[in-house]
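Chains as they are written, first to last, in the working numbering: chain E, 1 to 237; chain F, 1 to 547.
I should point out that these hints are in silico values taken from the structure, not numbers from a laboratory.
From a predicted model like this one, the values you see are computed outputs, not experimental measurements.
Ideal Cβ placement from N, Cα and C applies to all residues, glycine included.
Any given hint could be a false lead.
Claimed, not checked - Computed Cβ-Cβ distance ranges for the label pairs, DEER-style:
hint, chain 1, residue 1, chain 2, residue 2, range
1, E, Asn6, F, Thr303, 52 to 58 angstroms
2, F, Ala47, E, Glu55, 55 to 61 angstroms
3, E, Ser21, F, Leu546, 55 to 61 angstroms
4, E, Glu23, F, Leu530, 55 to 61 angstroms
5, F, Thr285, E, Thr105, 42 to 48 angstroms
6, F, Thr285, E, Arg176, 39 to 45 angstroms
7, E, Gln124, F, Lys7, 45 to 51 angstroms
8, F, Ile423, E, Asp13, 52 to 58 angstroms
9, E, Glu233, F, Thr285, 29 to 35 angstroms
10, F, Ile17, E, Arg176, 42 to 48 angstroms
11, F, Ile17, E, Glu233, 57 to 63 angstroms
12, F, Lys293, E, Glu233, 56 to 62 angstroms
13, E, Glu193, F, Lys302, 50 to 56 angstroms
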Amino acid sequence: MLEIKNLTKKYGDKIAVDDLSVEIKSGEIYGFIGHNGAGKTTTIKCCCGLLDFDEGEIYVDGISIKENPIECKRRLAYLPDNPDLYDFMSGIKYLNFVADIYEMTVEDRQEQIKKLADMFGITQELAQPISSYSHGMKQKLALISAFMHKPKLVLLDEPFVGLDPIASHRMKEEMREACKQGAAVFFSTHVLEVAEKLCDKIAIIRDGKLIISGNTSEVKGSASLEDVFLQLEEKDD
Amino acid sequence: MTNSSMKTVKQLVKIKIKGAVSSLLTFMRGRAKKTNGFSWGTAFIVAIIIIAFLMLMAFSFGVSMALGYQMAIKDCLWLYFPLAWICSVVFSLIGTVFAAQSYLFESTDNDLLLSMPIRPSDVLLSRMLALFVLNFVYSTIILLPVGIAFQLVGGYSIITFLCYLITLVIVPALSTGLCCIFGYLVGKIVQVIPNKNILTVIMGFLTIAVVAVAGLNVGPIVVALMNYIEVIAENVQSSIVPLYWYGCASSYGMFRGILPIILICVGLPALVFRFLSIKFLKLVTKKTAMKKKKYVEKPMKKTGLQYALIKKELGYFFSIPAYVMNSGLSTIMSVFLGIGIIVKGDLIKEYMPLIFPDASSNLMGLAIGSSLALCCTINDVTAPSISLEGKTIWLLKSTPIDAMKIFRGKALMSPIISLPGIIFTAAASAVTLELSVADILFIVFVSIIACLFSGFLGIIINLKIPRFDWSSEITVIKQSLSVIVTLFAAMFFTSIPFVFAIIPAAYLPDFSSVLAYGLCTAYFFILVLLEIFYLCTDGRKTWNSLG
């Protein structure tokens, strides 16, 4: 579903992502781990067409993001680490706007919004302007907008930040549900316990370079993911 | 006040002023930020600001000289400084009064400062002092030329010069006190009025209208002042005695006379400070209780992507009062143009043949069309629209929307906002000036296409010089280089065809107004096509590289 081939992204002289290759198949939840400034956000932004890149290729459902970005974007949903939304809209107007972008049918949007808003517990807040939302509520609204059009690929940057335990739990359920239906989820996180329990596969990145990737059980072996991550960090130091 | 308190206040004022100066210096920077050297954009803006300041100062100097001589002749020179005092207080109030509320109570660093070991009254004092500096700049624009003119009209003694220096300080002090009261009252009103945006827009437009009316009538006002100076002097002397004493002190050197006015000018802000410092903590931490709207599930509507984008742009536009006031001004001006046509229609009909005696056809349509198109191009609604995407730009860029649809959605805002003014003026022209159908069609069509032209131009310029590092939308709407460049460029390009069409239509016997209509329309049509071509190619690439 997502194929990153030899991705290199530079900011001036600084190499943010260095020859990174990762493949995420349908039905997989793929965790992306690394220290601050490792290149996780840059990679995800390149995957959703927010950032241009210098070398390599990215394919979404077999389509090149460079050559046909619109078709790729039709298939994916992206959620940044700090989702700034249109504060001047109400929650429901925002969701309707996103539904218009993805050309969802009236029945689909009504059904999905109801299901997801109930699930995240913000149905009663949908009439309020987004400017009055807390960080967590904005995150929930952004999550609804990401999942409601049933994307084939979900790219999430630190999705658990700001979510309460219940919402966090429900989001994990929604991620699994999406994968059951054939979607792929690629997300970055610092919460290693979550990654360990939730992800089918894991990639660890350091200074833009992929250190290790593979099935979660293979990557962590008999140790905890935290131990593995710390060992790899120390080894490279 | 303790020594450490003073240090804190000094530091806070420094930060506030540094912030204002840095915002002033960086507002024109888009991509030029990367270059540390000379920037033409910076030079352009600085030149415009300096010219505007110099023009205001020259005007103040001219009026001061004219009135000063009259006062000297009519033996009422004492009125010179009180009049200047009133004018400078009003002028600086116009400049600062609307910023006062957000400046004092809505700063983004409220939480940070209040969590530190700083007294709330020190925070307030620092903000009032920063406002004082702002008022000082405004009042000096008036008072500096006034002071120079007085030397030429009456001449200074040591005491009168001392009084003048005191005036330079007490005027901004009084303005600060007054604008703080206003800021407090606005905050109170906003708490009880449900839609504060409407209130802000109405108040803004009223202020603009008052300033515009005063500006247009400044000549008659000065003449009236000169004619009735003795009567005014008599009335002030008998009814506003402290002003008379102040006048005697500053013009004739009777120093004690300035003391009451010092007391008023310093006492008022001191009292305001005392009052606000008691309430400051409550004011900055109070959250206005918003009436919670109950969500009722309604059948949703599916709309086309283009329509959704236009709706989104218009929603953003109407949610920011400063955006409406800045970019919606052209609609108000167009309506005023229509009203002017209704009121002065006969005069226009009478004067047009006198201005263009050799014209072979009626130039009324061309004249109205050009005026309306110029009015519409002042609508620079798209010029800050790319920058305004700010931190939400990921939304449009990560979703399957072609860049051209985004540009179209933004550009169409321009004719949509201007349409009420265009229709009103066209209708007023049709009824009052008895124009033909061709004339009316031209007026409407050329204005709409001129709006589209300026709309696309704003996007192109904003793509070239975007600014995403803003903390308040107002900085982008009012102070970005793209807005200023778009405004001037749009007016320049819009005036070209009319100048070149009116001249031959007025003087060449075979040049009909219909031909002029065709040429003007074709000109804008070609420009719009060129703009679309640019946006489809380079514009799209630039958009993709943003963020």
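Now for the hints, and whether the structure bears them out:
Between E/Asn6 and F/Thr303 the beta carbons are some 41 angstroms apart, a value that contradicts the proposed interval 52 to 58 angstroms. Between F/Ala47 and E/Glu55, the C-beta spacing of about 44 angstroms breaks the proposed range 55 to 61 angstroms. Evaluation of the 55 to 61 angstroms hint for E/Ser21 and F/Leu546 yields a failure: the beta carbon distance comes to about 27 angstroms. With their beta carbons about 45 angstroms apart, E/Glu23 and F/Leu530 fall outside the hinted range of 55 to 61 angstroms.
A C-beta distance of roughly 46 angstroms is found between F/Thr285 and E/Thr105, which places it inside the suggested range of 42 to 48 angstroms. Taking 39 to 45 angstroms as the suggested C-beta distance range, the pair F/Thr285 and E/Arg176 conforms, at roughly 43 angstroms. For the hinted restraint 45 to 51 angstroms between E/Gln124 and F/Lys7, the CB-CB distance of approximately 49 angstroms keeps it satisfied. With their beta carbons about 56 angstroms apart, F/Ile423 and E/Asp13 fall inside the hinted range of 52 to 58 angstroms.
For E/Glu233 and F/Thr285, the Cβ-Cβ distance of about 42 angstroms falls outside the hinted range of 29 to 35 angstroms, so the restraint is violated. In this structure the supplied range 42 to 48 angstroms is violated for F/Ile17 paired with E/Arg176, their Cβ-Cβ distance being about 55 angstroms. Checked against the given bound of 57 to 63 angstroms, the beta carbons of F/Ile17 and E/Glu233, roughly 45 angstroms apart, lie outside it. At about 49 angstroms, the CB distance of F/Lys293 to E/Glu233 disagrees with the hint of 56 to 62 angstroms.
Range check, E/Glu193 to F/Lys302: Cβ separation about 42 angstroms, and the 50 to 56 angstroms hint is violated.
Comparing the model with each numbered hint stated earlier shows that hints 1, 2, 3, 4, 9, 10, 11, 12 and 13 do not hold.
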